[in-house]
Amino acid sequence: MQEIVRSKDVAPELDPITLDPITLEVIRHGLVSITNQIDANIKRTAFSPYIYEYNDFAVGLVGADGQLIAQCTGGMPPFVADSVGMAVRDGIQIYGKARLHHGDVVLCNHAAVQGQHLNNTVMYTPIYVGPGRSTLIGFFAINVHWIEIGGIQSNSTDIFMEGLQLRSIKLWSKGEPIEEVYRIIENNTRMPNELMGDIAAQLAGCLLGRDLTAELAEKYGVAAFNGAVERILDQSEAAARAFIRAMPDGVYRCDTWLDNDRSGSDEPVPIKVKVIVEGDELTVDFSEIAGQAKGAINSGYYGGGQTIARVAFKYLMGAGEMANEGTFRPIKLVLPLGKLISADPTAPMFMYPTPFPTVIDAVIKALENALPSRVPGGHFGTHSGVRFYGRRADGSFFDTHDSGHGGWGACATHDGAGPFRTMAHGDTRIIPLELQESLMPFRIESFSLREDSAGAGKFRGGLGFRKCYRILRPCLLGTNLDRTKFPPWGVQGGKDAKPGRFMLTKAGATTEQSVEKENAYKLEPGDLVSVETGGGGGYGAPSERALELIQRDLDGGYVTRAAAERDYGVRVGADGKARR
Amino acid sequence: MAFAVAVDIGGTFTDLVAYDHENHRVAYAKSPTTYGNFVEGILDCFNKVKLQPEAASFVNHGTTLVINALIQRKGAKAALVTTTGFRDVLEIARGNRPDPFDLHYRRDDPLIPRPLRFEVPERIGSQGEIVTPLDSAALTALAGKIKSLGIEAVAIFFMNSYANPVHEEQAAAALRALLPGVFITCSTELTREWYEYERTSTVAANAYVGPQVTTYIRRLEDDLASQGFSGTLYMMGSNGGLLSVERTCRQPVGLVESGPIGGCIGAGAYAETLGLKNVIAFDMGGTTAKCALVEDGRFSVDSIYYAGGYVKGFPIKSSVINIVEVGSGGGSIAWLDPQNRLSVGPQSAGSTPGPACYGTGGTEPTVTDANLVLGRLNPDRFLGGELRLDTAAARKAVQKIGAPLGYAGADGLTRMADGIIALATVIMAGAIKTISIEHGRDPREFVLFCYGGGGPLHASALARELSIPTVVIPPEPGNFSAVGMLLADARLDVSKTFTGRLSDTTVASLKDAFADMEAEARATLVRDFGAGEVLFERFGEMRYVGQRHNIKVPLPDTADPAAIRTSFDRDYKRRYGHADARANAEFQALHLSAFSRMRRPELKWLPRAQGGSATPQRRQVYFGAAGTLDAAVFDRTALPVGFKGQGPALIEEYGSTTLIWPGDRFEVGTFGELRIQCGQG
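Taken in order, these protein sequences are the chains called A and B. Okay, so the first sequence: first residue is 1 according to the working numbering, each after it adds one. Okay, so the second sequence: first residue is 581 according to the working numbering, each after it adds one.
Certain hints may be false.
To be verified - The following label-pair restraints were derived from C-beta to C-beta distances: (1) A:573 / B:1019: 58 to 64 Å; (2) A:470 / B:653: 34 to 40 Å; (3) B:653 / A:251: 45 to 51 Å; (4) B:591 / A:470: 48 to 54 Å; (5) A:178 / B:1115: 48 to 54 Å; (6) A:493 / B:826: 55 to 61 Å; (7) A:338 / B:711: 52 to 58 Å; (8) B:915 / A:521: 54 to 60 Å; (9) A:470 / B:616: 52 to 58 Å.
Unchecked claim - Using 25 Å as the maximum straight-line C-alpha spacing, the simulated PhoX-like pairs for lysine-lysine come out as follows: (10) A:43 / B:1132; (11) A:332 / A:272; (12) B:725 / A:577; (13) A:43 / B:892; (14) A:577 / B:657; (15) B:857 / B:1224; (16) B:630 / B:1184; (17) A:219 / A:97; (18) A:485 / A:272; (19) B:1013 / B:892; (20) B:1153 / A:43; (21) A:294 / A:485; (22) A:577 / B:727; (23) A:43 / B:1013; (24) A:43 / B:1076; (25) A:174 / B:1153; (26) B:1091 / B:1132; (27) A:219 / B:1013.
Rather than coming from a laboratory, the hints here were simulated on the basis of the structure. On a predicted model such as this, the values are computed, not experimentally measured, just so you know. Every residue gets a Cβ at the ideal spot worked out from N, C-alpha and C, and that includes glycine.
Excised from the complex, chain B in its bound form (with noise of 0.2 Å):
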């Protein structure tokens, strides 16, 4: 009775990682995901790793439920209440045209259209005062409305609520009361920050989530309890912590980035381990690639997020961990313009057609199909043997883009693939570069931790094309968002506005705004986890007098306004190149996010079993300007802790394969890791 269990659901499939606390063991289970029923692909892999449900103390749960019903608009029949007047700010939203040169742009349609939204009199004024009584009749007239429109969601929004947010209360509960089995939620219960765009939307995004998500947790909950389970369910928050149940259900939009916040936890939980300051977790999956940085075992996290993206998307005021993501993955397309330029992604081959390799009809040439043409990927042993990979049909896609450029021949086969890899680099570099120069860190000054499908196959390059000296790629990194989900602290981020420039006065109110956050997140914890030691890491945003921008500075000490001034100037500096001794600072909003420990599986017993033969095959694979080479191929369950060798190789496992440059040096850590040290050029 004292399995972890972790169970990530992604697009195509559903993975499971089991710990047994007591006797040290692992077990890893993939089955396809079963869309209709998700429960189904679970159980599925309980039954793989033999495994019942009610042996197991708890489960992690990470799903990409609420990202995709935001994106595919297959949400509730959801209702907008606002303050009289301002109804259409959620389709007005900011006005803005993120593609400035596009005739024809259009932002994507609003979650709840203008015939469900309602205005009800109310007015709170810009310093919480109330200028018109909420009107309670006119509410009660609304539900009957809403009663009989068949309405499954309500938000409510009403303007300078941040300020005060009791007009919202009293509709909620009014509400509550008046529309029984229909979900209702508020803006303010979900971020006390100003803004009344970005308020609308999330309050709007998270009633649009509300019930679906709801039934979607209940029903697994019965299910698994059906099955045996006796514990506790969690539920992985974009802010990488677990998420009580009670609290997804009230706040769905806070599992928008649920799905790959696991591979982020797993390198801060690695790089902690393995005493690694500064390390750049990366993820290279089918049609994306994505990456963050985690310093000091952390991630940062934003609290702002687009959900379909900035150019037509809407934005969810929410804690989410905070990743650059590129169209660069295995299945992206390379394709030539008119004018012959060459360009890679962001249109991916996906899982169909996929890539021309994979014989399922797909006939344009993918980053996968070059790898393959490279001698990287093994035709035999893709997936372990599962999909076997047609190297001619490979060949003809990439010389179908090859010709009009002029590369002819084998050799001209060859340059052309290595031009797609080199082109997919610099866009994979280029997100690392947005997330680490943009934010003043020095990617050299990093670990490049790689998983998913592709990271360990383009790792060593892209450290090469960043200067970064040092790789490192876990157990399992085509598990690897499952394995992190094992490892999640409880976390609970909150945040209000608070405004006021830098002072003895500002600091004293400020001490108590947080005394207050702290006080009810160290009760949350409390009652959801039963959590004992509760950490807190308190962040103020700040920015010069006068300026727009806010940056996130650390408030390790909260009391003295001379060490904030000097976190502050010392954090823009880095970020910026400069900093102003002379302008006044000031607040713009609080954050803090509190945490408590969960019990975590030991690293060093998550690799898999060992086995199979030590002694290297051989292949021939091109490595760039040293040309074709021999190169050993390892399997990597077969490779012993202490472990030493160096390129060119290739580490063949289920779901992945490293690739070693000429000049590398690679060793097997205690945990399992590959570390490889990169050579030059």
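Isolated chain A, as found in the complex (with noise of 0.2 Å):
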């Protein structure tokens, strides 16, 4: 059901009449545009911080046939690879083109479509053009995280523990709204003022991108407008498979592990990535990854691995390429079902991303020696979530998700970046600390970086930071870290990084306790709870770094002198400088 039919007759021959160079790159260029203004719109309506903060949504224009033709540009990742398209395409199969009018709009957060938590959730309207709005020409397609759509929360077994499912459901029929969706919608989640204000956002931006596209075919006409489409694919994957032709051929591996499934179990999960470069074609094969898990860390094939397949290959291939089908043509995917990324539509999903960062980074690391000046050392890899939530003095209900920001790996050329968040996030923003203050009843003791977080290297890694809240008010504290067994590796020579560690000391107490993955801990007045996040790999031989650098990093304190002189072989004087 899942796979694009190609229909001959809106599939049209080139016509250099209708469609010359020139053409195309207007098209191109007002596709992009389309998308990036509703983008900008999304963000500044929204009402859940999950999208203006996390970005946790991303816009796409989908082609009659459910191919993803155009998206903006800073979607969130796991999106990015297609989930749209995804949705539109069970849409079609469950209705038939001709059961989709102009006015419909369709909402999808099926578990066996998407196979991502049912929180993300797709919104589509289709777009007709032409006399009496006659010709389908595609979708625009817009998939936000809603904000709670009821369900247990926390420690589900099964998809049905986890909220609503709403499989290709129609939320607006020939441009009314039918307010029975509405009302099924509004009374099965907890946050119902904020998830109607995003689904008002998401609704207005679904039609005004329909409109803006429509006038764009109608101004250059439907055959330019569906031959531009057809090329613009035609050229992304020729782009796609000349990155790909430019490696070597070979099978390339990468074996590491998750520290645990989150069940209560203690033991690793194995994320085991082969990838076969062959020609113009790369394969993706997940066959030895970890089977399905007992904790809520599933995805489905779609959302999951395939998801996670073209994630990590958009990330190799850069940002200048824009992500559509044509780009993800030549890449291949080996996946049994049953697999902890290709999980049965009933597994539980409510954490599905937590393998993302990991498994993503795997896929790039396995290609360390085929792309050696492109390949960074591992990054952070964890979300890193820390959670407070309780009542304030008044009464009311808070709670806050925050930090996740760790370094990033060392690159060919410098050193790495950060703290920023995960590859699994996209242009996502630390909340400000004076917000954070005002809001939680905690202070904030320091916000500074993690020196020796990173991976020893020619270039070393991003760093980590610390940043210690000290509570004020009883509260309860959730968190979420992973890669403390299996640190964020370095390559090319280069060292691993320190993986994360929370910290918590009991107020008046002098030892402290780790509290790595907690649900719902006590906390009281006067503990202080101190987050380290971890660092990013290093790159090439610590021997090989360059003297000035490292008296950088020790006159700035990102290393201190006893790392210096054990990772990079310096004795450092009593003047603070370092010699070989």
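Starting from two chains that each stand alone, build the complex the way the hints lay out.
Structural data, given as structure tokens:
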């Protein structure tokens, strides 16, 4: 059901009269600018911080057969791989194109379709042009992380405990809202105000995007528009194939592990990846990856494995090429069903992205020797979530998710950067400390770079941070730190980085205790929670690092004297100068 | 003794406009910018217009000094002093990756490196309460260290100082006393809004450029004084108003967009005089095109600016006119990627090597080369004939990318050149859409007001792309930024964080907050400009409760919650297409703009003296689908007020050429402006 059927009647031959190379570029610019314009609008109008602060959404234009044509530049990586296209293809399958009318708006968050947690809900509307709006040229679609969709929220053991499933449901029909569907949604969420506000923003974005796209297609004609779309996909495919062809053929591997599967077991979870480069095709083979987990860290074949393979490929190709159906045509996937990232649609998925940063990075790492100038050291690779929640003095609820920024890997030309969020995040920003302090019952006592957290190398990794929260009123703590047993790796002889470390010092106590994977841990006034995030792995042998860079790190305190002497084999004199 | 003078120092040229208020005489001069000592270029301009500085009653001055120092990292050796535990806020920034799929992404280094970032014990709580008093002994010890390091400027940032600036003020006073000659600045002198990174970044930038700007302005004052100038020097602020020298020396970041601001002010002044309600100011230069909206004679001002761009740069919280800029100028290079996909810019040939047709070493095809190939530029009259253009070189460069795309022969060459212009037009139209449609404005309801060297050449095509019916080209489009500076008002913007749901009680405290801000702003304008009447505009940054992004809403009536609510809903709906009657609205910040009108020249005296022959020459010019046509070529200085004509035509003048398409009609207006009614298609 997920495969794209290309119908002959809408894939016209390229006609040099209606489609010259310049019109093609003008249409390409127009498509990207429409998705970016809608992206900007959603960010500004959304109610929930998931959208504005995390950018947990993506805007896309999908063709008449459900093929991904264009997306906004800054979308959330797990959505960029084609989440909107999957949803549209399910709708076409269920309704048939003839029953998807102008003014219809359809929703889908189903685990058998997207295979991600149920919050991720795609909304789309068909785009008709021409006399009497008779020609379907595509769909305008927006995937948004809905802030709350019911369910038990933690410790789920199947998808049915996780909230409301909507499988290709019309929210609007022929330009009229369907009240019943709105009522179902509004009465199946704990946060109706925020969610209904977000849905209004999502809807306005879909409709405006539809109208702008129709205007563009009408301006140049349907034949030119469709011809341009075909050509855009073909050119992206050609660019992707050229990129793959430049890699040496071979079978490349990376093996690593997650700490555990979040079901209470302490057994590491194997993440074993094989990448086969053959000519201009690249196969990502996940057949040796862990099976479906008991904890809620599963994802489906498309929303999990295929998404991860595509996101990793997009990272490798770089930001310049737009992600569309063509870009991903040369990517093949070997992934038996029933694995961690190809789980059954009934499996629990609430924390589905937990393995993503590690698996994406493992696919990239596998190609260390195929693309030595491009593959960086491993990044800190874990969501590293810290959540404080409870009631304020006036009885109102508060709930904050924080942290998650760590070091990224060093690359062939410079030190790693960061702290940033993971490879499963896009352009997401730290919530300002002054804002946090004004809303939450804690004071932040320090917020600094974590010295010595990076992996050493010719170029060292980026640093994680250290953030200390002094608790002012009783509240609950939740944490989700991974990669503590298998630290971020170095490449090309670079060293591993330090993993993250979450510690608690109880009020009045002198010793600290680890709080890495807590659920509803009770905090008291005076407690100090210290969050240290992991660094990024190094690139190249530390012995090759330029002395001036070592000195700069010493002068800035990024690397301590002891670590410099240990990792780089230098002697630091009384004058603070490093010598080999 | 009644000359008003404006001086705009740009990357290539220093422009001067002088206006005699008594005899209504105007003089223009252009001189190469003199790096090393900018004053020389200014004095050279004075010489060219045969004016002694002593004849000037005031000089309004815009400069790219601040932005250049920030981008090229040529500022002072600066230190940062923060609350214990927070010296890395400047380096961690907001921890985001604006280019999400770049594995090798890194932000530009912070302006102040870690070894020069120091901490002192103190702490203010989120409600403004003192948690830990400022440790003055530690501060004194730190001053000794700063002195020994030879530091020229110190930025002070303390956590939550927006809620209570007392520690920052104490620290600044103490360091000023301990470190005479060092430039000292603290974050709350620049902005009273929250968000620790943005405030730290702003104060760091202010310290970084402080010594250089202070030295420059004092030297300029001295040099002008030694030439007999006894009037007042004013600086062009990024907010579109004049700043006193004293204020500029405290808040040099207020000059960050001082350069391009003049054109926007000029567009506003012309729009007001011509009775144009809504205008898009569009400026196309050598490397970029910029646009801004002017509504009812006013441009919109943002309170955050990213120096070096959003992707790799850093924020400055300062009132900056809202300008959208794209990498599409006359020097922008057209190129093909490995899949033969055509792009234009953002790389620019600049002035070296320059477009291929300059004959100064450039071989890549640029927008200027394409215009020359199409016959739209006169190879013998470019910059008044000072630079002869090489048409053969332009053709060769355009052919280079035409061939791989299958554009062969003379016809192919023309189509390729036309394609370069078409793509540049789409990119520039995209900038105009960003500034209009994304703010809920329909560009078709605006007049396109074009200036800069390239603006008039592309104006009519842009108007067609956006379905804008009317284009206006002011006199002196090539000097327009300096002209605008001559027309500036005194202006002061102040803002502060103000939170609370919209209700009777918040509105009462909002009135008090504005009253305080207004009293302070009025006193400053009276002191710095001898202002008589001071006008105020009030804005609230508002959102629905629960949202994370604010919109800036005008608050003409600050007493009535219902009126404020109506104003918010209307702006919200205009911008986003929907409003929510059920949701509560809340405030995040207050902004006040205070204005005082300066003595302005009358616009009708600004065009240069008439001259030349009104009889047009003729030239073959390519006009897209209409093909190559025989076009009339006018000399603009020869066209009298009231002159009417129609396309296809070209109107040439020093520094610019206006292209009139077939179907367009034009007329020379009362103020010397060209008014073009665009045809269809």
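Here's how the hints hold up against the structure:
no. : hint                       : result
1   : A:573 / B:1019: 58 to 64 Å : holds (59 Å)
2   : A:470 / B:653: 34 to 40 Å  : holds (37 Å)
3   : B:653 / A:251: 45 to 51 Å  : holds (46 Å)
4   : B:591 / A:470: 48 to 54 Å  : holds (50 Å)
5   : A:178 / B:1115: 48 to 54 Å : holds (51 Å)
6   : A:493 / B:826: 55 to 61 Å  : holds (58 Å)
7   : A:338 / B:711: 52 to 58 Å  : holds (55 Å)
8   : B:915 / A:521: 54 to 60 Å  : holds (57 Å)
9   : A:470 / B:616: 52 to 58 Å  : holds (53 Å)
10  : A:43 / B:1132              : holds (16 Å)
11  : A:332 / A:272              : holds (17 Å)
12  : B:725 / A:577              : holds (20 Å)
13  : A:43 / B:892               : holds (20 Å)
14  : A:577 / B:657              : holds (22 Å)
15  : B:857 / B:1224             : holds (24 Å)
16  : B:630 / B:1184             : holds (22 Å)
17  : A:219 / A:97               : holds (24 Å)
18  : A:485 / A:272              : holds (16 Å)
19  : B:1013 / B:892             : holds (24 Å)
20  : B:1153 / A:43              : holds (15 Å)
21  : A:294 / A:485              : holds (20 Å)
22  : A:577 / B:727              : holds (22 Å)
23  : A:43 / B:1013              : holds (18 Å)
24  : A:43 / B:1076              : holds (24 Å)
25  : A:174 / B:1153             : holds (23 Å)
26  : B:1091 / B:1132            : holds (17 Å)
27  : A:219 / B:1013             : holds (16 Å)
In this structure, none of the earlier numbered hints is contradicted; all agree with it.
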